[in-house]
Amino acid sequence: MRRTFPILVCFSFGMTMLVQFFVPSKLSTDAYNEITNWVQIIYAFALIVGVVGLLKYHFSRVSRRERGWFYNLVTVASLIVMSLLGFIGGRGDGGSFMWVFNNMMAPMQATVFSLLAFFVASAAYRGFLARNLEAFLLLFSAVMIMFGIASVGNAIPPFSDIANWILINPSMTARRGIFIGVGLGTIAVSLRVILGVERTYLGKE
Amino acid sequence: MNSGLICVSLFTADGAGIWIASILTLAIYSFLYKDNPIYRFSESLLIGISVGFLLVTTFDTTLLPKAFEPVGKGLSVMFGIGGFGSIISFIWLLIPVALGLLMFARFVPKYAWMSRVALALYIGFGAGASIPANMQSYILRQIDATIRPFLHIDSFWSLINAIVILAGLISTLFYFFFSKEQKGAFGKITRLGTFYLMIFFGATFGYTVMARISLLIGRLTFLLKDWLGLIS
Amino acid sequence: MSIWEKAKTLDRRIIFLFMFLGVGLPLLAKIGLPVSVTDDVRNVYNYIEKLEPGDIVLVSYDHDTGTLPEMIPMSDAILRHLFKKDIRVVGMALRAEGNGIGRQNIRRTSAEFDKTEGTDYVFLGFRPEITAAILGLGTSFEKVFPKDDRGIPVGELPLMNEVSNYNDVKLVISVTDDDTPVYWVNYANARFKVKVVAGLTAVMATTFFPFIDSGQMVGMVAGLKGAAEYEKLIKTPGRAARGMDAQSIAHLVMIGFIIIGNVAFIMRRRGK
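Protein chains in written order, with my numbering: chain Z, 1089 to 1293; chain W, 32 to 263; chain Y, 545 to 816.
Keep in mind the hints are simulated off the structure, nothing from the lab. Owing to the predicted nature of the structure, the values given are computational and were not obtained by experimental measurement. Just to be clear, a hint being listed does not mean it is correct.
Below, simulated BS3-like cross-link-like pairs (lysine-lysine); rule was C-alpha separation at most 27 Å, straight line [as the list claims (entries may be wrong)]:
| no. | chain 1 | residue 1 | chain 2 | residue 2 |
| --- | --- | --- | --- | --- |
| 1 | Y | K552 | W | K256 |
| 2 | Z | K1114 | Y | K687 |
| 3 | Y | K779 | W | K104 |
| 4 | Y | K776 | Y | K714 |
| 5 | Y | K737 | W | K65 |
| 6 | Y | K714 | Y | K739 |
| 7 | Y | K687 | Y | K594 |
| 8 | Z | K1292 | W | K65 |
| 9 | Y | K574 | Z | K1114 |
| 10 | W | K256 | Y | K776 |
| 11 | W | K65 | Y | K552 |
| 12 | Y | K737 | Z | K1114 |
| 13 | Y | K691 | Z | K1114 |
| 14 | W | K256 | Y | K550 |
Based on the sequences and whatever the hints tell you, model everything.
Pasting the structure below:
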């Protein structure tokens, strides 16, 4: 029951989605509409489960006074305050919830991501070395894109032309190969999941 | 605002916002010197705020209008009008909500298995929907786009490009799919595949650099323009 | 220890400093380097240019705040083009943060053109689970979004009375910092034949060339450079155009470091 019923549920909904694609009818379209609606609701609950799990983790670290517990406390406190601002004050423009979003969350998040500009430069200096032909191609392609697409090379035809040629020919076709690989892999795994061969998503007993 | 150094007032909502955003930006950049408590404080603050935002937005824009309000409405209809039909529609509305609530069972070890039902529905849906989509979009259309240029060769260079693309696709697929020892003619094809992949990874790296520098430009523009007023 | 050996152990903070100056100084001193327009961006512009006033375009904010400096100039430029042509916009988000970003972005840009919410544009809000949301919109917008972001039932919004599914939408624009446009292509384009455009962070650009080549996507606007190109096409220079000088110089600094690193590597190898 604990494993068989979920496998049956997975099979039924997987097959419904598969069949309705090939056999469009009023019944299958109605089923499709309901299932997509249900999935959105379930996924929204799953996000809340994730938030509860995160809170639980941070609370336990604070209550046990583990190393760095103060930072866990900051996370919990800011989560609670932000939630209260939203639930009590609302999400409207000009409210305190959006003020925190615009003046704290957005700048901090963007700054964290921009840190990578520095680290990527440092990593390229140390690791981007033409040790062999493969490494040279990697290096050449990267430099041509940096120079020919969004730098002064963009105004110099040989460089911009080479960069564009790389993008729409060898780079594009390699990505296409990856897509086909991903597509075949996904189809194989999906079939295994629907047919109940692949059950790792159920976890341990 | 643009006439001199630090001319944003701290005593307006916008001004205070700019000051706080600037201080937090610098706090995060302090990591470039070395890891420090100010950075870690900002990082923890960011996680809390982000998750709080996710919680409120998910509840307010999705759970409320799609789950709780319809269930509440269904309940009042059931008690108001009554009858078998209203009970059936109420149960129908209740199913996804009940499945969603079952997800919380994972916090109670004894009943954790119940959360698998909702998970199985979600996984089954994803698997069923992805098979035709992947077949159509990732495989058939991509193969079609690789072969079609050979039907429209209008110059020497279009032929070369079509060959470059076809050779790249075949060699990349050989590299991925045939798990046998890569030597002889087979080894040469897979090596060609690695050349193509290296060019792709290089191009992606080039674009990644572009993206991260753009973000740095955004943050420095904010500091120099909005906060310090050094840029008009 | 030779200079080439020392180069190997160069303090990374020196590299950081050069990157900082490479970006900061061009921002202070405007250079005005030229920006050329690529085919992918021109295709997006041309497609929108051919739309009729009153046509409806779906703009989905599928990104987080981490990439805002890249995405906002792009969204601004595209929305200005849409509103200038009196094209009506249906906004939504497949990321929670995209909800806050998109709502403010559409309201701010629409205000420049005196557009009215509900009639000229709407913002429907956030939906989790990308696949289900995209597939759901294929049969009923109202089923996926019974209310807009303000909590108003979509039946009460004049614009939404004209939108029941993708058949009523001329174009989907996914502004994103990940591979969400892949889902739009796989589920909305492949199944419902709606045209798709991606406004992307540059990191994701190389992923979408196969889709453009196969005709599954109209085009894409990638990164700050793409946004600067779009600003040039609509003849409204903004933040992206301003940032391109810094982008160019920073790339040169980066390439300079790669060259120095390689010269040092070759000299060390010769010395052994």
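* Taking 27 Å as the top limit, are the C-alpha atoms of Y:K691 and Z:K1114 close enough? -> Measuring from Cα to Cα gives roughly 25 Å; hence the hint holds.
* Asked: Quick one, are Y:K687 and Y:K594 close enough, alpha carbons at most 27 Å?
  -> 30 Å, violated
* To do: Would you check the hint for Y:K737 and Z:K1114, treating anything up to 27 Å between C-alpha atoms as holding?
  => Cα-Cα ~20 Å, so holds.
* **Pairwise hint evaluation, Y:K550 against W:K256, where the allowed Cα distance is 27 Å at most** => Between W:K256 and Y:K550 the Cα gap is close to 38 Å, so the pair fails against 27 Å, i.e. violated.
* To do: With a cut-off of 27 Å on the C-alpha distance, tell me whether Y:K779 and W:K104 pass.
  => Since the Cα atoms of Y:K779 and W:K104 sit roughly 51 Å apart, the hinted pair is violated (cutoff 27 Å).
* Given hint W:K256 paired with Y:K552 - CA-CA distance at most 27 Å -> Violated, at roughly 37 Å.
* To do: Would you mind confirming whether the straight-line C-alpha gap from W:K65 to Y:K552 stays at or under 27 Å?
  => 20 Å, holds
* Asked: Has the given pair, Z:K1114 with Y:K687, been kept, meaning a C-alpha gap of at most 27 Å?
  -> 16 Å, holds
* To do: For the pair supplied as a hint, Z:K1292 and W:K65, confirm whether the alpha-carbon distance does not exceed 27 Å.
  => 42 Å, violated
* Asked: Taking only the CA atoms, is the gap from Y:K574 to Z:K1114 under or equal to 27 Å?
  -> Distance ~61 Å between Y:K574 and Z:K1114 Cα, so the pair is violated.
* Y:K737 paired with W:K65 [C-alpha distance capped at 27 Å] -> Between Y:K737 and W:K65 the Cα gap is close to 51 Å, so the pair fails against 27 Å, i.e. violated.
* Asked: Given the hint that Y:K714 pairs with Y:K739, does the C-alpha gap stay at or below 27 Å?
  -> Holds, at roughly 7 Å.
The structure fails to meet hints 1, 3, 5, 7, 8, 9, 14 from the earlier list, while all remaining hints are met.
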